[in-house]
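**Q** Protein chains in written order, with this note's numbering: chain A, 259 to 1023; chain B, 259 to 1023.
There may be inaccurate statements among the hints.
Which copy? The list can't say, so a pair holds if one copy fits it or any two copies do.
Stated by the list, open to error - Subject to a maximum C-alpha distance of 20 angstroms in a straight line, what follows is the list of computed SDA-like cross-link-like pairs (lysine to any residue):
| id | residue 1 | residue 2 |
| --- | --- | --- |
| 1 | Lys714 | Arg776 |
| 2 | Lys636 | Lys897 |
| 3 | Lys703 | Arg715 |
| 4 | Lys636 | Pro879 |
If you're looking for bench data, these hints aren't it; they were derived computationally from the structure.
So you can see what is in the structure, the chains are spelled out below.
Number of protein chains: 2
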Amino acid sequence: MRTPALFTCLFIFSGLLCGCRERCEPRPCAQVRESGPAQLPPGFIEPCRPELLSVQQSGEGMWPWQDLSRLDEASLRSRGLELPLSDFWTPGQGGLAQAVVGLRGCTGAFISEHGLLITNHHCALGAIQKISRADQNLLESGFVARGRSAELPAPGVTVLVFRSQRDVTLEMSRGLPADAPDLDTAVFLRSREKELIAECEKTPSMRCSLSRENDGLRFLLNESTELTDVRLVYAPPESLGSFGGEIDNWRWPRHALDFTLLRAYVAPDQKPAAHAETNVPFSPPHHLEVSTSGPAVGDFIMVAGTPYRTSRYRTALEIRRLHEWFYPRREALMSRWLAILERAGELYPEARIPNATMLRRLANGLTNARGQIEGIAKNRVIARRLSEEETLRTWIRSTRFPVSEKALEELNRHLEEVPFQDLDFLLSLMETGTSAYAAAYLLVKWAHERSLPDAKRTPGWQERDRAALLSRLSTGDLSYHAASDRMVLSMFLDELDALDPDQRPAHHRPAVTDEDRRRREEWLDTLFRTTTVMDPTARQALFAATPEALAQSPDPMIQFALAWFPAMQDMESRRLVDEGALMRLRRPWMQAIMAFRGRSFYPDANASPRVSFATVTGYSPEDGTWHGPFTTLRGMLAKHRGRAPFELPAAFIEAAQQEHHGPWMDPHLEDVPINFLSNADTTGGNSGSPVLDGRGRLLGLNFDRVYENIAGDFGYNPLRSRNIMVDVRAILWTLDRVAQAHDILQEIGVQAKPQAVTNTATRGP
Amino acid sequence: MRTPALFTCLFIFSGLLCGCRERCEPRPCAQVRESGPAQLPPGFIEPCRPELLSVQQSGEGMWPWQDLSRLDEASLRSRGLELPLSDFWTPGQGGLAQAVVGLRGCTGAFISEHGLLITNHHCALGAIQKISRADQNLLESGFVARGRSAELPAPGVTVLVFRSQRDVTLEMSRGLPADAPDLDTAVFLRSREKELIAECEKTPSMRCSLSRENDGLRFLLNESTELTDVRLVYAPPESLGSFGGEIDNWRWPRHALDFTLLRAYVAPDQKPAAHAETNVPFSPPHHLEVSTSGPAVGDFIMVAGTPYRTSRYRTALEIRRLHEWFYPRREALMSRWLAILERAGELYPEARIPNATMLRRLANGLTNARGQIEGIAKNRVIARRLSEEETLRTWIRSTRFPVSEKALEELNRHLEEVPFQDLDFLLSLMETGTSAYAAAYLLVKWAHERSLPDAKRTPGWQERDRAALLSRLSTGDLSYHAASDRMVLSMFLDELDALDPDQRPAHHRPAVTDEDRRRREEWLDTLFRTTTVMDPTARQALFAATPEALAQSPDPMIQFALAWFPAMQDMESRRLVDEGALMRLRRPWMQAIMAFRGRSFYPDANASPRVSFATVTGYSPEDGTWHGPFTTLRGMLAKHRGRAPFELPAAFIEAAQQEHHGPWMDPHLEDVPINFLSNADTTGGNSGSPVLDGRGRLLGLNFDRVYENIAGDFGYNPLRSRNIMVDVRAILWTLDRVAQAHDILQEIGVQAKPQAVTNTATRGP
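Work out the full structure: start from the sequences and follow the hints.
**A** Below, the structure is given as structure tokens:
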């Protein structure tokens, strides 16, 4: 019954270099023909060795737009790129890349000439929450603006329209003495950074940021226009936007309609302006055409966005410490914290809404920590890094590269000495994880920074950051529940009690006896009963107070923050010294890595705009199983359980059960595709990244990675590095069939062919 | 970048009917070409819609050997059958099917002319446990007999060599009045069954059994020779035999080396005989040739064995009751029971070994119950059965089939009345789930049955069953731990307390007050302190005692069993009446089903020898995922965690890490295949079933089903009905490279090409 498959193989693998396993080098098809799936059974297509087949043209690399000219354009064209790379970005001129915008930790893209923007639902969640009212919960119902006048302001959302990316390495280092002490280096660079940004931001509405690349071997200045009048156009109900909730988070198979539409507004003269009735839609320099045919298995795609941080060039020793200390510590603390907030939810039902966001962040962080621990082990990241280090050492010896092999030893020696790591771990989490203490600390720190000249302040605490700090304070109010916050602060005090005495700041008295504990409880009661830091009116005065005035404040939370302030400042100093030292020690080793890798080298992600070139493909999460690259509407319906997080709205179910999905149906899947996978190189910050085809058309939106790829931050793995995207056809189907948002479809140039379907779901105000 | 795939499709689907989705009819390839995976990307083979591709030539049907002549042999030949079906079985003459043997609840197969047998490790577990000693734990170490004299008796294992299968329908029903009351019918048939079996067993060493098919529309008499001198030749350590333990049980991907080798011995004249030094290896009428090339994706295979029970023709109402009452009830009770035994293990570390088997059974039963509940829901078994019933009714009307449509209504009306179901549920579990009470009940029942003429006794309690009953008693000793047993009996008393008063037998006094409970605890203490039923010597006398003598026994456990005896007898009477009624009511409906299905009809499994024709294929457990049909040695190593149940012996790891696995390596997988999947129709009792290729050669051993197929007992699902098998190459590799059992390989005619590997692992005494 077997049939010779030589011909099939010839056909399928024709003329291409095929992938290979982790332990081998890429090899030509001829060899794959010999040892690959040579016997395909009749009526059957199945990968014998999915891991062989899953190694497509690698998606490794997050390329700064600045570096497009370094790439092998011919090779990209052979993979499916159709536009010239210069159309995406030409330094000094811009290009299609300007359709991709930054959204404070997320990415988005313009999809119409009238400032219509698309991003992830989870990126707009905070804004949607803020404009929801008790009688009109937009998270629950979703939202469709029927006409522009119905669009709602999306508070807190700002859009950064990318203008340029400029190499400022020389300007940064000019005048820095070669032998400056580490602290001086760090201070010098921070100061220069502030100067450059201040200079850049002299243009009104310009927001600038500096990307430090390759441990200070290159500095890029990113210039963007900031638009602050952003409005909500369409949001699916949360039950669709995060269908599967925490259960499906970081997982495949996935069925989330994680997208939202916004619109950026400007003054009638197209200048950025605060929200005003008279504002008009922004005309972006570029916007993306929307594909209606969507992606297919094996398609070439591009994922553009602002990836936040990767650690591809960290040493084995550093990753080992993360694996053995940091992630386990984080997992333990977050488990405890999560349990406390769950308990708070049982004790105080009213705490559930304010605590929801933090619970979600903790669950997400916990899964991430576990995924990192598992992934670093499973992908043998440390062993592989050690072997890469060995290869590099050998290469250094053989080429006489002008960097001492000793560079790594020196760097590792420094990395082994980490003073106060347990203390710093707790302090930084306590600052961001509590509400009242965080507010008090912000007020104290802000008063302190304001006593300094603007140019001398800590980055993030300058006058330019005033609005962001105020916004941070008011956002904190939404998630404040006093009794829960008290439980969390109590947990941090417990954790600080358990510190090694060498690390414990002198002013902190651990509760040892029952009497100590009783007193601490009493003190906590008073603290939360009397503090005014969570009262917006009272806080206004505190935000304007001098350090001296704060020192006189009767508010015990302010006094508590003042007590911890020196420890926090010490932590910052330690970081500054370390920053200088690491830059000095890492540079030679990084130079060797860059020279060794040559053209295939790309800098670690650092929140600057990038693009990844990839292929739509599945992967094998383990022996005997294969995750295919598409999920379907059928599969989404099958997951419906009638209760969160697997609860589909009735209108959605009705639309999904129609026989004909028209142009949104994939002919091969015979269904509407929902999510899909590729081997694109993404990380946090890529949420909402547009996925483009070879002609730059929108194919979907990136929104997550698979569990097996959580540890991908430490090293791209062609077998397991997969990102998860919403298929554009799922987006269009939803707008067409569920939201009946035909105006929007028309605006983005999509011909919605109305079908004779029941007129369901006209949500919105 | 896309390439037209028409040619591939033509090539792959050439000339075959392809599968289809659940909701459609099979359709020719031409259509699949149009709507199937028409765009294969370069360098990539992947099913766009795995569920379309997974519908191979269906594996549905467990065919009695008796019925082979009814099958469409030409169609089977086109699928890959190479031998004439008559070579497997010709009524009156036998055939290759005789190489397949029964092993009390399992199946096995002869693989040499010297009586060498292969079956699952889990089928020989009890025997291996019995011959283990504290200083030589064969479960832990595994066992290799170096030479025949080193083979160890395998206590309790008997081999049934299949001789014939004869239609005795006429003999069974001759003389039964057409209008006999239900009880009379049941008693008449039981009595006739005993006569036929007694007649058949007049030949020494002949063991006969009656298969009731299609609710009494056909009776087959199975005649087998029983061999009782069975010895252990090779067993892997349990860490390999049940690698993955309960975690992997019922699951894919799977990596268990679940096989064991035994040898059947007979007297020098080849007559069956009890164990004796002078015995010689049995020369089986047929034995299987062992394949060395193993199976490949899409291969035609046959799975032969003794499937225990399926319920393919039960009505929707009956399945609904199982789904809504029986499985949830079972799940709840087993969860409680499991928790009790786990608690016992914490309290009494010495209880862990005796309780191990029951813990395993409970965990297995619990997974099964959950799988049934999930599977019946997910496969929409009830809705589909209802629709089948509707189709059949329509057909009956249109064809004027001489069976009233009313048959189903009458049957359903009867099925709705189930008296005492809660009581019977508890009583039957209490009888098999406890040790001391089970022993006492067996003694009481045995005494009672012996007071009747042999021909009048309950089946299973005749003189022919004496040895089996004694063996049941002594097997119970091995798993007896008094304190645990007391906890379990106490749980059953609690459960009986909670019965509806209508069902509760009059003699049972529920413990209501604290005082009642205190008294019951005291009574239980005395019960377990003073009973002698678990003392082999004392029990010998009790086994020979008359009912009158037992009535005088001071043993409180005997008295307790005597008190429950009438309730147990009532339960048996209820069953007997129900048996007669169901036979009467089901027959007309079953006749309609049979007429409607015609040639594709096969009787429900009933422990008689059968064969299923199937295809090696994976399946899609859910949207976006695909379970491929092979796992590998590489994948098994990746699962190794260094602790049970994922703990590989060092010698195994060493052998696995060798670069060259010689002839046991699959050229496509580039590795030794461990387990594989097919769409064969199997159920409990198929454990150890040999898997044959089209020429009748051994390709592997069946040992489990996938989780999605647990509910397959109620209906074969071409998309999810998958069984799990050990690949013969995993078996041969283990014997060759780990066990160094080259004598065995030689005996089964396999050329082991010795490689220059380290001489590892020479386990055994």
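**Q** Checking each numbered hint in turn, tell me which of them this model violates, lowest number first.
**A** 1
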